[in-house]
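Peer 1: Chain by chain, the residues run as shown.
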Amino acid sequence: MDLPLSDFRRMAVEEFDTTKLLAHAVAQARERGYQKFPIVDVDSHHYESEAIDEILEYMDDPVLQQLARSARQASAKSVGMLPAGVGYQDMGGRVTRYPLRGLEKGEKGVHRDISLTRRWMDAIGIDIAIMFPTPMLQLGLHPQVEVEVALARAYNRWLCEKVLADEPRIRSMLYLPFNDAEASFQIVQEFGRKKGVVGFMVTSARYRPVHHNSYMKTYALLEEMNLPLAFHAGYNWNDQTTGMLNRFISVHALGFVFYNMVHLANWIINGLPERFPKLKVAWVESGLAWVPFMMQRFDNEYMMRSSEAPALKKLPSDYMRDMFFSSQPMEMTDMGALETTFRMIKAETQLLYSSDYPHWDFDLPSTIYDLPFLDEKAKRNILGGNAMRLFGLDLGGQKLARVA
Amino acid sequence: MPEVFVAKAAQFPDGERRIVAYDGREIGVFHWKGKFYAYENLCVHQGGPACEGIMMHKVEDVLAPDRTWQGQKFSSDEIHFVCPWHGYEYDLKTGECAADRKLKLKSFDVVRRGEDVYVIAG
Numbered sequence: 001m002d003l004p005l006s007d008f009r010r011m012a013v014e015e016f017d018t019t020k021l022l023a024h025a026v027a028q029a030r031e032r033g034y035q036k037f038p039i040v041d042v043d044s045h046h047y048e049s050e051a052i053d054e055i056l057e058y059m060d061d062p063v064l065q066q067l068a069r070s071a072r073q074a075s076a077k078s079v080g081m082l083p084a085g086v087g088y089q090d091m092g093g094r095v096t097r098y099p100l101r102g103l104e105k106g107e108k109g110v111h112r113d114i115s116l117t118r119r120w121m122d123a124i125g126i127d128i129a130i131m132f133p134t135p136m137l138q139l140g141l142h143p144q145v146e147v148e149v150a151l152a153r154a155y156n157r158w159l160c161e162k163v164l165a166d167e168p169r170i171r172s173m174l175y176l177p178f179n180d181a182e183a184s185f186q187i188v189q190e191f192g193r194k195k196g197v198v199g200f201m202v203t204s205a206r207y208r209p210v211h212h213n214s215y216m217k218t219y220a221l222l223e224e225m226n227l228p229l230a231f232h233a234g235y236n237w238n239d240q241t242t243g244m245l246n247r248f249i250s251v252h253a254l255g256f257v258f259y260n261m262v263h264l265a266n267w268i269i270n271g272l273p274e275r276f277p278k279l280k281v282a283w284v285e286s287g288l289a290w291v292p293f294m295m296q297r298f299d300n301e302y303m304m305r306s307s308e309a310p311a312l313k314k315l316p317s318d319y320m321r322d323m324f325f326s327s328q329p330m331e332m333t334d335m336g337a338l339e340t341t342f343r344m345i346k347a348e349t350q351l352l353y354s355s356d357y358p359h360w361d362f363d364l365p366s367t368i369y370d371l372p373f374l375d376e377k378a379k380r381n382i383l384g385g386n387a388m389r390l391f392g393l394d395l396g397g398q399k400l401a402r403v404a
Numbered sequence: 405m406p407e408v409f410v411a412k413a414a415q416f417p418d419g420e421r422r423i424v425a426y427d428g429r430e431i432g433v434f435h436w437k438g439k440f441y442a443y444e445n446l447c448v449h450q451g452g453p454a455c456e457g458i459m460m461h462k463v464e465d466v467l468a469p470d471r472t473w474q475g476q477k478f479s480s481d482e483i484h485f486v487c488p489w490h491g492y493e494y495d496l497k498t499g500e501c502a503a504d505r506k507l508k509l510k511s512f513d514v515v516r517r518g519e520d521v522y523v524i525a526g
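Protein chains in written order, with the numbering used here: chain X, 1 to 404; chain A, 405 to 526.
The hints are simulated quantities; they were obtained by calculation from the structure and are not laboratory data.
Computed from a predicted structure; not experimentally measured.
Glycine is no exception: its CB is placed at the ideal position from the N, C-alpha and C atoms.
Be a bit skeptical, because a hint or two may be false.
To be verified - Heads up, simulated SDA-like pairs for lysine to any residue below, C-alpha to C-alpha not over 20 Å straight-line:
1) 20(X) with 425(A)
2) 346(X) with 317(X)
3) 462(A) with 88(X)
4) 346(X) with 360(X)
5) 510(A) with 414(A)
6) 506(A) with 226(X)
7) 477(A) with 5(X)
8) 20(X) with 423(A)
9) 462(A) with 3(X)
10) 477(A) with 249(X)
11) 510(A) with 27(X)
12) 462(A) with 92(X)
13) 280(X) with 332(X)
14) 437(A) with 479(A)
To be verified - Distance ranges between label pairs, derived from CB positions:
15) 101(X) with 478(A): 24 to 32 Å
16) 479(A) with 27(X): 29 to 37 Å
17) 478(A) with 108(X): 39 to 47 Å
18) 524(A) with 35(X): 31 to 39 Å
19) 420(A) with 244(X): 38 to 46 Å
20) 419(A) with 20(X): 16 to 24 Å
21) 377(X) with 417(A): 49 to 57 Å
22) 477(A) with 377(X): 48 to 56 Å
23) 516(A) with 101(X): 36 to 44 Å
Pulled out of the complex, with its shape left as it was, chain X reads as follows:
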């Protein structure tokens, strides 16, 4: 395979091996003693588009299934049915695992998604990875609600049967087709007790307010089943606001926070934490810098306009401190600001390590482990303990990752 470079040159690459790419991560795991404690990654990814032919086998609607298969044949590299957002996650090929991952070979007799996921988990030192899809992060923007529902159901079935059933180290918060409230409720009912399902996930890039009455029975069911609800951030360059941004860096930096800010605002101001006090809510892949901003902004305005949020019995920031936040992409350019953020969000109990691997801005466990202001207990809580308590995970006292 040839990678195009900045001039006449091209770079020939014949193989790609995650273990080699992550050799330095292996060394970090050994040096920091990750074999001594569990590490849970609450947000990692695979490329479900690579298994789309298998997934479509699980699609109920024969017409949508035929449409998707036909589109797949017409254009080998696109699904046709998935809304492909404009974007440059690969940074012009600079992040080489994007163009090269197709060259990687999996283990014989093991599903490719399991094989490749275990490979990077072992390299990084992760015992359990909660895995999400990739192109489907944009599915909430699909103009056809029935397509979101059909793909969500097919993907969830496929994931449960082909991946989660066979590899206990891989878990998932399953995709909720949130543009259809009734279908979301049914998905929780159908899949909530399947092996490997540890909660449910809403892709945040969409235009449905989380406080709409149609969602209340789904929240009640999740609360009753003790299953966390996560909001996974995403960008949308087709939004009129982000459409004013002319570079991907801007769309990504703002977009991956914007929708979660909107949903979090609605969640709190409409009193959902009071209505569902035992429902555990997690905000995923927005980094952390936005949380102190939201806390200060909403506390300040709430003190003046509490009449507009009559359901609240404490400050908005107090509700936020009851929530969970995934760490990545953790803003690390100002240690003082980061330390303040950890204090404000009660990181020792509420922060969940996430890698986001294999995406371009992944974080290794060392981003947490090397922080100078954390003691060993806090590090271990954030890297695994908090997630084990939140999701009820039990590793049997064993380290599952093969730390070399």
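Assemble chain A onto chain X, guided by the hints.
Peer 2: Relative to the frame of chain X, chain A by itself:
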């Protein structure tokens, strides 16, 4: 100072790089426009293999005299290598991080002994 063999000069064409290891340390040696450059293969960000990524010229904005933006181009002389983990870019001729020149990879001297190229891994 230990000298670590990198390659025969004839087998190390211009535009290529080699990674050598010495005493637990990896060093990336680049051959670019007739000169050799060597840096520790350890990204200042999260410890990625910075020297193993692709080499790309610096991207530059093109501004007209009236300061209007006219487009972008690749630099004709500033070449970067890019950490494959997250995209941190380094100036190949200095080892400085392109986004923040205060950050810099550890550099090493490269010497030729006849037809052989060595890096001084001290």
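Peer 1: Now tell me, hint by hint, if it's right for this structure.
Peer 2: Evaluation of the provided hints:
In summary, the hint linking residue 20(X) to residue 425(A) is supported, as the alpha carbons are separated by about 15 Å, within the 20 Å threshold. Proximity of residue 346(X) to residue 317(X) is assessed by CA-CA distance (about 11 Å); at most 20 Å being required, the pair is judged to hold. Of the pairs offered as hints, the one joining residue 462(A) and residue 88(X) holds, with about 17 Å between alpha carbons and a cut-off of 20 Å not exceeded. Taking the CA atoms of residue 346(X) and residue 360(X), the gap is near 28 Å; set against the 20 Å cutoff, the hint is violated.
A C-alpha spacing of about 26 Å is found between residue 510(A) and residue 414(A), which places the hinted pair above 20 Å, so the restraint is violated. Restraint check: the Cα-Cα separation between residue 506(A) and residue 226(X) comes to about 49 Å, which exceeds 20 Å; the hinted pair is violated. Between residue 477(A) and residue 5(X) the alpha-carbon distance is near 13 Å, which keeps this suggested pair within the 20 Å criterion. The hinted pair formed by residue 20(X) and residue 423(A) meets the criterion: a straight-line CA distance of about 13 Å does not exceed 20 Å.
Simply put, residue 462(A) and residue 3(X) have alpha-carbon atoms about 17 Å apart, close enough for the 20 Å limit, and the pair holds. A hinted pair counts as satisfied when its Cα atoms are at most 20 Å apart, and residue 477(A) with residue 249(X) qualifies at roughly 18 Å. For the hint linking residue 510(A) to residue 27(X), the alpha-carbon distance of about 19 Å falls within 20 Å, and the restraint holds. For the hint pairing residue 462(A) with residue 92(X), the CA-to-CA distance comes to about 12 Å; that is within 20 Å, so the pair holds.
In summary, the hint linking residue 280(X) to residue 332(X) is not supported, as the alpha carbons are separated by about 27 Å, beyond the 20 Å threshold. Between residue 437(A) and residue 479(A) the alpha-carbon distance is near 15 Å, which keeps this suggested pair within the 20 Å criterion. For the pair residue 101(X) and residue 478(A), the beta carbons lie near 26 Å from each other, so the given range of 24 to 32 Å is met. The hint said 29 to 37 Å for the Cβ distance between residue 479(A) and residue 27(X), and at roughly 34 Å that hint holds.
The hinted window of 39 to 47 Å between residue 478(A) and residue 108(X) holds, with their beta carbons roughly 43 Å apart. At roughly 36 Å, the beta carbons of residue 524(A) and residue 35(X) sit within the given window of 31 to 39 Å. A hinted range of 38 to 46 Å holds for the C-beta pair residue 420(A) and residue 244(X), which are about 43 Å apart. Hint check: residue 419(A) to residue 20(X), Cβ distance near 22 Å, so the stated range 16 to 24 Å holds.
Take residue 377(X) and residue 417(A): their Cβ atoms lie about 53 Å apart, and the range 49 to 57 Å holds. Restraint check, residue 477(A) to residue 377(X): a C-beta distance of roughly 52 Å satisfies the suggested window 48 to 56 Å. For the hinted restraint 36 to 44 Å between residue 516(A) and residue 101(X), the CB-CB distance of approximately 38 Å keeps it satisfied.
Hints 4, 5, 6, 13 from the earlier list are contradicted by this structure; the remaining hints agree with it.
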